[in-house]
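Participant: Below, each chain spelled out in residue letters.
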Amino acid sequence: MFFSFLVVVILTAVALVVAAMTIAKLIGPRSYNAQKGEPYECGVPTRGQSWVQFRAGYYLYAILFLMFDIETVFLFPWAVIVEEIGIYAIVSISFFLVILVLGLAYAWKKGALKWK
Amino acid sequence: MDYYNLQPILLGIDRYMNSIMPGWLVTVLEGLAVGIFIMLMYIILAIILIYMERKVCAAFQCRIGPNRVGGKGGLLQVPADVIKMLTKEVITLKNSDKFLYGLAPFLVIMASILTFSCLPWNKGGEVLHMNIGIFFVLAASSIGVLGILLAGWSSNSKYSLIGAIRSGAMIISYELSIGISVLTMVVISGTMDIQGIVESQAGAWNIFRGHIPAIAAFIIYLIAGNAEANRAPFDLAEAEQELTAGYHTEYSGIHFGFFYLAEYLNLFITSGIATTLFLGGWMPLHIAGLDGFNAVMDYIPGFIWFIGKTFFIVFLLMWIRWSFPRLRIDQVLALEWKYLMPTSLVILIVMTICKVYGLIF
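Residue numbers (my numbering), protein chains in the order written: chain A, -5 to 110; chain B, 95 to 455.
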């Protein structure tokens, strides 16, 4: 039952985009102009490639994100049974988080969170 | 509270349809009905939200806002804009990566429709129901950032690329705070099922049950949710004064409309999830001891409660948007990694201790 609804929802999303695009293609005007396909940069012809390397700072955040996102995934099953396992839940989460926070503290000290 | 349960009605319709036609036809018809319902709700809500945003923005800036099209209130302004958008030409770029350029709106719309159909509108009134519902919402909503990155990268323009990279870094960072706030609420409810979370709040809403840690988690969720929806003061993905329109600079007509649509629906979804987790979803407001008051509140249908609370949070987020100036990218990332994330980890531990020692109501 769930999977048939999941398929329905995904198909709805695809249908919404395809239907709107089809209507727009049918009733929208069409004209050719050499300037039209140029990237928009305030009317000035674009200089050089746009697919360039950008600063490494963003990658550092992405790597840190990976670490903490996986952690969140691991914590969800734990969160459901906190009431059953009682005090053991606090002990296990403390160990888990201390190790993680050490990682964050290391990255912080190394300057990964500084925007230079 | 059970007067408005939708489940028996829907099951009754299903049984009746199964008795008069073959099984595959029932599946197809139900699928069509659900699909059309989702699509209509999606578009109508987007129109309402855009109209509301314009009116709220105007009120905060001492203007009237839309007031010409469709009578005095300008009610038909947004539908007219939608029609205008449909009649504009969809431009194909010369140097873009055509496949990824076309794929990006699909991903953005898909992420928001998937999360949209998980919202609990009423008792028994949600499309996708499963026992790991809130986890599924987190997973599905992170598809959206892929769409944004693809849109920015594939259109081969510098404005788009900068907007997309900024937005990507910001959204993945704030996802952590959202995840941990949600986790805090899973700890207090003891289930990941969205209907289960709502039903665990029958006595009191989570924000009252969890007192201090729940209120702190709520505030963190609102800040992070605002960033997740790419809205001011975190709108540097499309900082119009510096980047024109950010990652959707190169999109035109209805192609751009999809991003606009998804942006407003993400606002609604963020508020809807906040309502579900913290403000009791479709649960009516109950005050212990006032039995007459509680009985009157029970007569208001669940979906009215849900929509009312959600629009309250939407208004709160619009208020924030029109009151604060934009942050810089380094300030945005520092706010998340140096303040919000450590704070939310502490809140998680405090909440666990409260839960284990029975310090919640």
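Treat the hints with care, as some may be off.
Result set (SDA-like, lysine to any residue): computed pairs, CA atoms no more than 25 Å apart in a straight line [claimed, not checked]:
1) B:Lys192 with A:Arg24
2) A:Lys30 with A:Leu20
3) A:Lys30 with B:Pro419
4) B:Lys252 with A:Ile17
5) B:Lys182 with B:Gln155
6) A:Lys108 with B:Met135
7) B:Lys182 with A:Gly51
8) A:Lys108 with A:Gly51
9) B:Lys432 with B:Phe409
10) A:Lys30 with A:Gln43
11) A:Lys108 with A:Ala50
12) B:Lys178 with B:Gly347
13) A:Lys30 with B:Phe418
14) B:Lys182 with A:Leu98
15) A:Lys103 with B:Pro436
16) B:Lys149 with B:Pro436
17) B:Lys188 with A:Ala50
18) B:Lys178 with A:Asn27
19) B:Lys188 with B:Pro436
20) B:Lys432 with B:Asp329
21) A:Lys19 with B:Ser346
22) A:Lys108 with B:Pro419
23) B:Lys178 with A:Lys108
24) B:Lys252 with A:Val46
25) B:Lys432 with A:Tyr34
26) A:Lys19 with A:Gln43
27) B:Lys149 with B:Lys432
These are calculated hints, taken from the structure and not from any lab test.
Participant: Now tell me, hint by hint, if it's right for this structure.
Facilitator: To see whether the hints hold, each was checked on the structure:
1. B:Lys192 with A:Arg24: holds (18 Å)
2. A:Lys30 with A:Leu20: holds (19 Å)
3. A:Lys30 with B:Pro419: Status violated; Cα separation ~34 Å.
4. B:Lys252 with A:Ile17: violated (30 Å)
5. B:Lys182 with B:Gln155: With Cα atoms ~30 Å apart, B:Lys182 and B:Gln155 exceed 25 Å; violated.
6. A:Lys108 with B:Met135: Violated, because 44 Å separates the two Cα atoms, which is more than 25 Å.
7. B:Lys182 with A:Gly51: Violated: B:Lys182 and A:Gly51 sit about 39 Å apart, past 25 Å.
8. A:Lys108 with A:Gly51: holds (9 Å)
9. B:Lys432 with B:Phe409: violated (28 Å)
10. A:Lys30 with A:Gln43: holds (18 Å)
11. A:Lys108 with A:Ala50: Cα-Cα ~12 Å, so holds.
12. B:Lys178 with B:Gly347: holds (8 Å)
13. A:Lys30 with B:Phe418: It is violated: about 36 Å lies between the C-alpha atoms, which goes past 25 Å.
14. B:Lys182 with A:Leu98: violated (49 Å)
15. A:Lys103 with B:Pro436: holds (15 Å)
16. B:Lys149 with B:Pro436: Violated, at roughly 37 Å.
17. B:Lys188 with A:Ala50: Violated, at about 29 Å.
18. B:Lys178 with A:Asn27: Holds. B:Lys178 to A:Asn27 sits at ~22 Å (cutoff 25 Å).
19. B:Lys188 with B:Pro436: violated (46 Å)
20. B:Lys432 with B:Asp329: Holds - the C-alpha atoms of B:Asp329 and B:Lys432 are around 20 Å apart, at most 25 Å.
21. A:Lys19 with B:Ser346: holds (12 Å)
22. A:Lys108 with B:Pro419: holds (22 Å)
23. B:Lys178 with A:Lys108: violated (45 Å)
24. B:Lys252 with A:Val46: holds (9 Å)
25. B:Lys432 with A:Tyr34: Not OK: B:Lys432 and A:Tyr34 at ~36 Å, beyond 25 Å, violated.
26. A:Lys19 with A:Gln43: violated (30 Å)
27. B:Lys149 with B:Lys432: violated (36 Å)
Checked against the numbered hints given earlier, this structure breaks hints 3, 4, 5, 6, 7, 9, 13, 14, 16, 17, 19, 23, 25, 26 and 27; the rest are met.
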